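Those protein sequences? They're chains A and B, same order as listed. Quick note: the first sequence, position 96, residue 96 per this note's numbering, numbers continuous. Just add 1000 to wherever you are in the second sequence, counting from 1, and you've got this note's numbering.
Be aware that one or more of the hints could be misleading.
As the list claims (entries may be wrong) - Not the full set, but computed from the structure, chain B residues with beta-carbon under 10 Å of chain A:
{"hint": "1", "residue": "R1023"}
{"hint": "2", "residue": "A1029"}
{"hint": "3", "residue": "L1055"}
{"hint": "4", "residue": "L1159"}
{"hint": "5", "residue": "Y1161"}
Worth flagging that the hints you see were computed from the coordinates, not collected in a lab. Remember, predicted model here, so these are calculated numbers, not experimental data. Yeah, the Cβ is synthetic: ideal placement off N, Cα and C, and Gly gets one too.
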Amino acid sequence: MKTITIARSLCALVLAAALPASALDLGKLVDQLNENPELVEAVGGVIQNTIDANRTVGPKEEATIGDGLAANLLGAAPLVRNAELQRYVNQVGQWVASRSEQPGINWRFGVIDSPNVNGFATPGGAIFITRGLYQRLRDEAELAGVLAHEISHVLARHHMRAIQAGKGREALGSALQGFISYKQSDARQLGANAISGMSEVFVRGLDKDDEHEADIRGMVLSARAGYNPYALVSVLQTLSQINPADSTVQLMFSTHPSPGERLNKIDQIVGDRLERYSDGVQATSRFYPAR
Amino acid sequence: MKLPALILAVAALAAAGNALAERGLLIRAAPLKQQPFLDAGTVAQLPASSQVDVLKRKGAWMQVKTGDGRQGWVKLLNVRTGGARGAGGGLGTLGQVLSTGSSGTTVTTGVKGLSAEQIENAKPNYGELERLKQYRVSTQSASSSARGAGLKAESVKYLPYSRGAGTQDDAQMQRRGG
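Next up, chain A with everything else stripped away, as it sits in the complex (with noise of 0.2 Å):
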């Protein structure tokens, strides 16, 4: 890959500095540099790191970040030990998944045993929600609707864009150095700090944009699934019942925008332009009750 070659020169500062409308593009800059391969030479560090951030991250790569991720979050809080429940949710969120633009995606969903009230999307398609959230839920198209939620964060690759926006940026680069130092394809060889560093973006949360996206797109989904997509604006109803002082919700709310203001949104986005779908599928005899 060309982009192994970056910028490991001082230069790039310079060349940054020079040119005031790339200043602002490490993008750009990395392009130039790629072109002119006799101005890089190496210092590595946190410029090496930052530079690495802007590259653009592949399938593979950003699959095997997600996976890192993915195993942070299990290490926080393991699967509930239920095959039944854990196929159960699977054969829902995979028919959800497969009626998206990128059906091929290493989809896997799992309930976490935590009491909180919670989801979690990673780049590489592993998709939890919380043991405290499962058990809040009327009826299968709730389920559909918040895993659509997650589904279309994975789509639009909001974590990722976020991790690249500075929310882990520097555990990215090393990360993607990583990947070119040892070729690795393992999560197991990005390291404890790379994705701890990375893991951050949980606990900082998204753009609110990102989280109005994904409730919109994801009621879409839903509708592709044939499921009731106002299921979603129940789940919404019944997250706004909990008092925010409640510790559940402490994480959820403080990265989500609240509840009223999500629905204010689906409101007048959505408003009954989904409405001829209204009448899709909401209880299902499949339905796995919580306990």
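Got chain A sorted already, so can you dock chain B onto it with the hints?
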């Protein structure tokens, strides 16, 4: 001491789930319909900020009971439930009930899991990642299972969403009643 009684009541509410406790607030004036369809007969015109009890949900609709005992259907999106505090959010009837307790918090299990701290201090667990892989199902399996559950694929285009556009003011939201 009234407190134990309150705690019991709160616990009962929590245990009984949403059906019993759910209260809603209309964010805009809307007709109360006899059936969950737009062309169904109108029971009453409900003004904005009407309080309702939520009875059940169906499609894009919610069956409610008004303060003066009338029953009918309103659009889900016209109602905010619980303590939603966003613009045009709910009154927080239930939230208020729950926060009357000494600590102002709801009943929790007392177990903290998956907090910001836990994520920050986590070590990757690759054994669990392997386990996750084992539960994966194929698209074929998911499709046939979905058919069995009565699901039918639909063709639906994504709705345009422009990032950075702030929430519209209430005036616009009022215009789309119904």
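The hints, checked one at a time:
no., hint, in the structure
1, R1023, "9 Å, holds"
2, A1029, "14 Å, violated"
3, L1055, "13 Å, violated"
4, L1159, "6 Å, holds"
5, Y1161, "5 Å, holds"
The structure fails hints 2 and 3 (numbered hints given earlier, in ascending order).
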